[in-house]
Amino acid sequence: SQTIHQWPATLVQPVGSPLSLECTVEGTSNPNLYWYRQAAGRGLQLLFYSVGIGQISSEVPQNLSASRPQDRQFILSSKKLLLSDSGFYLCALYLQGGRGYTFGSGTRLTVV
Amino acid sequence: GQQLNQSPQSMFIQEGEDVSMNCTSSSIFNTWLWYKQDPGEGPVLLIALYKAGELTSNGRLTAQFGITRKDSFLNISASIPSDVGIYFCAGQRAGTASKLTFGTGTRLQVTL
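First to last, the sequence lines map onto chains A and B.
When you read off a place in the first sequence, starting at 1, and then add 1319, the result is the number in the numbering used here.
When you read off a place in the second sequence, starting at 1, and then add 134, the result is the number in the numbering used here.
Source of the hints: derived by calculation from the structure; they are not laboratory data.
The beta carbon of each residue, even a glycine, is placed where N, CA and C say it ideally should be.
Check before you lean on any hint, since a few could be wrong.
[What the hints assert, rightly or not] Not the full set, but computed from the structure, chain A residues with beta-carbon under 7 Å of chain B:
no. : residue
1   : Leu1365
2   : Leu1409
3   : Phe1422
Isolated chain B (complex conformation) (with noise of 0.2 Å):
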């Protein structure tokens, strides 16, 4: 199935940088959302966009979707170590019973 081109796929950051991630689409999307998952677990929701244009953020992370609909970005601001795992963008169109499409993913490690 397709799957939401992601990037980078890792990355190695030092504590206190900021991390940047986007994701694109041949196709729109309806609403964009971004997962973190943990090692051994399921994807947590962090943030989800409904409108393109929209910028919205959740403490240290800022994700927008983009004004064609076709891509998304995330930001995390100061990075921590508890920021490490991998992280996934997700799209959704109307009409497709819900269903998700998503990223391949980029691994964040983050060093003291």
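Isolated chain A (complex conformation) (with noise of 0.2 Å):
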């Protein structure tokens, strides 16, 4: 069955650094992939949602971006961290004819 790795767990991060967040998935192939955040107590966010290597889709404005470089591999990134982008990330996978979403377990992310 198919598991996907986040790492790391948690993570602080002073205002202005950069970001390298990384999803690796293993046990399929061609999965749809997708980064999501949750704030503290709300419910989940899509971010970006990738259907192929080198595919990116931006679901809202934001100060990250997002690439996939290979098949299983999906990273969330940004130049220059502010305080609005702590939260909870989680990457997910979905395959056609699947049974919804496998999630990661999520990176913790605090912007001081």
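From these two lone chains plus the hints, build me the complex, please.
In structure tokens, the structure reads:
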């Protein structure tokens, strides 16, 4: 079965510093991949999704970017973090014909 | 981005009681999903619903896909302490790169 690896689990970064969060997938090929952000006590907001290598769609205007350099790798980045970028970031995959999403364990980012 | 209306926002119940929560949307979905999220973890799929009117159970959990395709319900019978967490509904439309729209969440706390 497919699994998702996200790291790091927690991250504290100063305002203005760069960011790189990585998500890798095992046990499947050509999945749809997604980055969600969850503010404290809130629901999940879709940030980016990708249906294939090099294909990125952005859902909301923001300070972040995403890339998919390989089929099973999805990266969330920022050149300069803002305080408002703090949150819980979740990577997810979806397989056509599958039963919903599989989520990673998340990265809690605190920008100070 | 859009979020589904989920109620109640939070619930305090006693162990052994039954729990009901629902999710409504102004637009139609082809699939309804229910997830549970424990603190610091990614959401885990509980039940997936694929057809209007469908009623599906998973142990003590029962969910229904509303016949209008604009709502869904989740019931938990005989709650136990490990049911504590945040429950999210999510809707999925055909032809949208399988993106999920999430509800705002229901925080469930179970007292002994």
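Hint-by-hint comparison with the structure:
1. Leu1365: It holds, given that the least Cβ distance between Leu1365 (chain A) and chain B is near 6 Å, below 7 Å.
2. Leu1409: holds (5 Å)
3. Phe1422: Nearest chain B Cβ about 3 Å off; hint holds.
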